[in-house]
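Engineer: Taking the hints into account, I'd like the entire structure generated from these sequences.
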Amino acid sequence: DAGVIQSPRHEVTEMGQEVTLRCKPISGHNSLFWYRQTMMRGLELLIYFNNNVPIDDSGMPEDRFSAKMPNASFSTLKIQPSEPRDSAVYFCASSPTGGHYGYTFGSGTRLTVV
Amino acid sequence: GESVGLHLPTLSVQEGDNSIINCAYSNSASDYFIWYKQESGKGPQFIIDIRSNMDKRQGQRVTVLLNKTVKHLSLQIAATQPGDSAVYFCAENMAGGNKLVFGAGTILRVKS
Chain A
1 DAGVIQSPRH EVTEMGQEVT LRCKPISGHN SLFWYRQTMM RGLELLIYFN
51 NNVPIDDSGM PEDRFSAKMP NASFSTLKIQ PSEPRDSAVY FCASSPTGGH
101 YGYTFGSGTR LTVV
Chain B
1001 GESVGLHLPT LSVQEGDNSI INCAYSNSAS DYFIWYKQES GKGPQFIIDI
1051 RSNMDKRQGQ RVTVLLNKTV KHLSLQIAAT QPGDSAVYFC AENMAGGNKL
1101 VFGAGTILRV KS
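The listed protein sequences correspond, in order, to chains A and B.
Reminder that position 10 of the first sequence reads as 10 in the numbering used here, one-by-one numbering, no gaps.
Position in the second sequence counted from 1, then plus 1000, gives you the numbering used here.
The set of hints was computed from the structure by calculation and includes no laboratory data.
No experiment lies behind these values; they were computed from the predicted model shown.
A virtual CB, placed ideally from N, CA and C, is assigned to each residue, including glycine.
Any given hint might turn out to be false.
On the chain A side, residues computed to face chain B include the following (Cβ under 10 Å) [to be verified]:
1. Gln6
2. Gln37
3. Gly42
4. Tyr48
5. Phe65
6. Tyr103
7. Gly106
With a straight-line Cα cutoff of 25 Å, these simulated DSS-like cross-link-like pairs (lysine-lysine) come out [as the list claims (entries may be wrong)]:
8. A/Lys68 / A/Lys24
9. B/Lys1068 / B/Lys1056
10. B/Lys1111 / B/Lys1042
11. B/Lys1071 / B/Lys1056
12. A/Lys78 / A/Lys24
13. A/Lys24 / B/Lys1042
14. A/Lys68 / A/Lys78
15. B/Lys1042 / A/Lys68
16. B/Lys1042 / A/Lys78
Structural biologist: Pasting the structure below:
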């Protein structure tokens, strides 16, 4: 089992550019979560999907952020346009079913917007 | 200028001693709790979980205690090792919900 796979591991971009983060959940897991981690706010849930359907996006900070899950094995988190305050580590996690199971996290994407 | 961020509590223990990390959770309706360990440059890693119908659960070298009366969770690590040095997070899941809310974290430093 390769675990949750995120790419890229590091991304440095200029303010105003579009950024796309990618995630491949564990096969068979039908819940997928995007978190953001910063020193200021800790781990924040941005959005989660059940069976590829977005269930709760109340944590998405602004309209500049969007997430998609076109199929069970792939999800993207896009920021357009990016701003320096978006700099953070973005984690994707998946779990086998809704609730009552621990998530498995990916290694994260460290995003720096300059 | 000085940066402002979360001031994580730090627990420093001697190698071989037992560690106790505490967490106050926020929602009395939460029915499932998990402890995660995060090492530098890595994602959070599952350690142990407990459901609200239990007050204690043991794993290998770790024990989680749940006190619903005061909404308190603790993680006990026996015979702490240098490899246990990390940030530890508690997380709670509200009954009927499907998302984990994480605490701020505690830094554990193990001195050899």
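Engineer: Which hint numbers doesn't this structure obey?
Structural biologist: Violated hint: only 5; rest satisfied.
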